[in-house]
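> This is what each chain is made of:
Number of protein chains: 2
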Amino acid sequence: MADPVCHPALLTDLYELTMAAAYFDNHFQHKASFELFVRALPQERSYLLAAGLEQALDYLESVRFAASDIEYLRGLPVFRNVSARFFEYLRDFCFHGEVWAIAEGTPVFAHEPLLRVTAPIIEAQVVETYLLSLTTFQTMIASKAARVIEAAQGRDVVEFGTRRAHGPEAGTLAARAAYIGGCKGTSNAEAGRRFHIPVFGTMAHSFVMAYEDEEEAFRRFAEIFPEGASLLIDTYDTVAAVDRIVAAGLRPRMVRLDSGNLIKLSREVRRRLDERGLPETRILASSDLDEYVITEMLAGGARVDVWGVGTSLATSKDAPALSGVYKLVDVFRDEGPTQRAKLSGGKVSYPGCKQVFRQAGADGKYKEDVIGRCTDSCQDTVPLLASVMRGGKRLQGSPGLLEIQQHARAEIAKLPDSCRGLHNTAPYPVRFGRELQALLEEFRNRIDNSTQR
Amino acid sequence: MADPVCHPALLTDLYELTMAAAYFDNHFQHKASFELFVRALPQERSYLLAAGLEQALDYLESVRFAASDIEYLRGLPVFRNVSARFFEYLRDFCFHGEVWAIAEGTPVFAHEPLLRVTAPIIEAQVVETYLLSLTTFQTMIASKAARVIEAAQGRDVVEFGTRRAHGPEAGTLAARAAYIGGCKGTSNAEAGRRFHIPVFGTMAHSFVMAYEDEEEAFRRFAEIFPEGASLLIDTYDTVAAVDRIVAAGLRPRMVRLDSGNLIKLSREVRRRLDERGLPETRILASSDLDEYVITEMLAGGARVDVWGVGTSLATSKDAPALSGVYKLVDVFRDEGPTQRAKLSGGKVSYPGCKQVFRQAGADGKYKEDVIGRCTDSCQDTVPLLASVMRGGKRLQGSPGLLEIQQHARAEIAKLPDSCRGLHNTAPYPVRFGRELQALLEEFRNRIDNSTQR
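Line order of the protein sequences matches chains A and B. The numbering of the first sequence is my numbering, which starts it at 4 and goes up by one. The numbering of the second sequence is my numbering, which starts it at 4 and goes up by one.
Chain A on its own, in the form it takes in the complex:
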């Protein structure tokens, strides 16, 4: 399914490469584990929907340095004292590690590892930046989409945001994530091809404007798309456009409203379409929509069948970044693992490899997550992290996107109702297991002693 894209190992933060050089020239080649998680949910989110694992694994399977990348690095003054052997090492660099991950489409919360990467420390370190960016971005968009879907109350939502996304590639990834979150499809044709997502489109104002009058534009378009014409009717006068469609004997599959008072216009357009024998013509609304506007419009009686949501969705506009981090949790020295944690003010991370244990109540709804040590077992719970890559190779084929979307829908349905509203009023309970708490204390004491040496 994935394209044979070149995955540039150089697309990483410089410090990953200076650290790599320092590890290499110091002969520090232990295996290490890193966990990728979101430090805190944005205020406007009560859960996140994991997404982006597929592209993360694509990247890990194919990450390489091009010869020109290595030449570039050699030329940087900072690498002046680094051994030639390091650059030879980069020439053969690829990822040989192991990955555990939470399946795409699974609701997740702050501090729950989306991914755990275990590999020789240089490999695990170099991939940090790319993995973080790829995974947290798609997770953010899938989470936003799930909210918009909730607001649409069963009506279709189509993702229209590439033009306002953070570049065309961001738009394409956003289309994929939005589909996982429950969108019916996307306007992005490349996303349709690359990810097998249904594609949708109507027409732009420019098409209507290109012809001398609106009726001619509609007629010309409908001739070419006799079964599927979707006509944009707000270029000059929305209501008059409906009359013009009827007068011309056209039977569009859909009409699109893109400006004005969408509640009032959608009701008026629906009434006219019904009266004039076009009850099957659906109404699509667009124009700076998001979950809040859709909620308001439905409450106001809007008669909209399909919501086209662009900017807000493809940029997660009300929460456009997640506090994703990638933290060292274990170093496997010859004497065995020695768990690691960060104690910096306000940014403490827990040591050791973890598992997330999700527990459902008698009603089948989820009631609590416990973040424990990966070696814990926790009765009557489902462990969320599963092994997905070993020796740098995927362990199984990926589920299709539709399957992931269905998984997401089923899992979201099991969240407490309070989690599914637009406002995060009752945070879902997530706690750290006792063994993990004890491990953190032990680590803290060890560091305090070493500090006092």
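Check each hint, because a few of them may be wrong.
Where chains are identical, the list cannot tell them apart; a pair therefore holds if satisfied intra-copy or between any two copies.
Within a straight-line C-alpha distance of at most 35 angstroms, the following computed DSBU-like cross-link-like pairs (lysine-lysine) qualify [unchecked claim]:
| hint | residue 1 | residue 2 |
| --- | --- | --- |
| 1 | K187 | K350 |
| 2 | K267 | K350 |
| 3 | K396 | K350 |
| 4 | K396 | K417 |
Hints were generated in silico from the structure; no laboratory data involved. Computed from a predicted structure; not experimentally measured.
Go by the hints and put chain B onto chain A.
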């Protein structure tokens, strides 16, 4: 300078392609002009800094459909009635048009066309989505960077945001735009190579954590980077770390603070560094910084030499999308141009090809922009749009990024002081010229008459 990247024409909204098919099969092949502009500034911005033209021109010079793209489109049900000749046309599709543009690094305001594309209507239409996404994203980030630079009051700012950007490619483009906006460089090594931007990096907490104690980590790192070691000192205890550096006899070029009370810590760290004979060691601060935090920290007496700004900058977090649009303004029929406009409620666009005339006062500061017809002349003003592409080929080589950054700095300096504060208190005056107003009225009357037919 640009990489030989494949530019996928398919990475566009489906409706561009259905409209293309409708134009093609209706033999509507007139040339048309579209203008790309931002409808309104975000509340938090008093100007935008144009960026992204270079990549827009790269795209236009190389945009093509792959055979597999065309096969994909042929298989979509919506194209069932479209002629085979249309798909042959797509096989040979490339951009033959003309582009006028405002130079990168130029401050711009709402409604001012960043680009004007004139080409056979299908070519001009198909490129809409990609151009919008590419151009408005970089413009948004360059604009954000300029604010951060202003807040830093002459201290260096380095862009650190790829890990939180909207995917790795967005991070790479953000690095470029941030450099245009005045950053000293980026942490993104690929952006360094691709765009010749200076790259910077320190070390991560993981490096400190990987070793048994902090001092060993510092020593190991400094051995490999004797001239340029930048040490991260907040993993366990920031102030104690300085003592450890001194005790080990290290002379780092820079120390980095990433958590805690940065005002207090930076002052304490500066004091200790100075007292212990390390007055030349610079202090870099990071940790969710933006122009507001930097302003506050400097006002609070922080002793920071370099600001590492990530998430907020690479996502333009307080204004993560611009209302970029691409509007048909003219269709060149055989009888000559007939200007076009959109009259939709609240979204009126002005007809005809435009020019932006910028006027400076006696003090050399800019005082007003007039958006006029491209055929207007306007004494004592500088026209901002220049011809940059003809027949699908660039007219001149591109300026280097450093030159663009310097142009930006010089032009920002000429803005009224009120434009350069963090809050948009006194909007810069931009008005539409009289001739353009008249043209809009004429068009409105023409459409009203045609509606009443």
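> Hints the structure violates: just list their numbers, smallest first.
When the structure is compared with the hints, none of them turns out to be violated.
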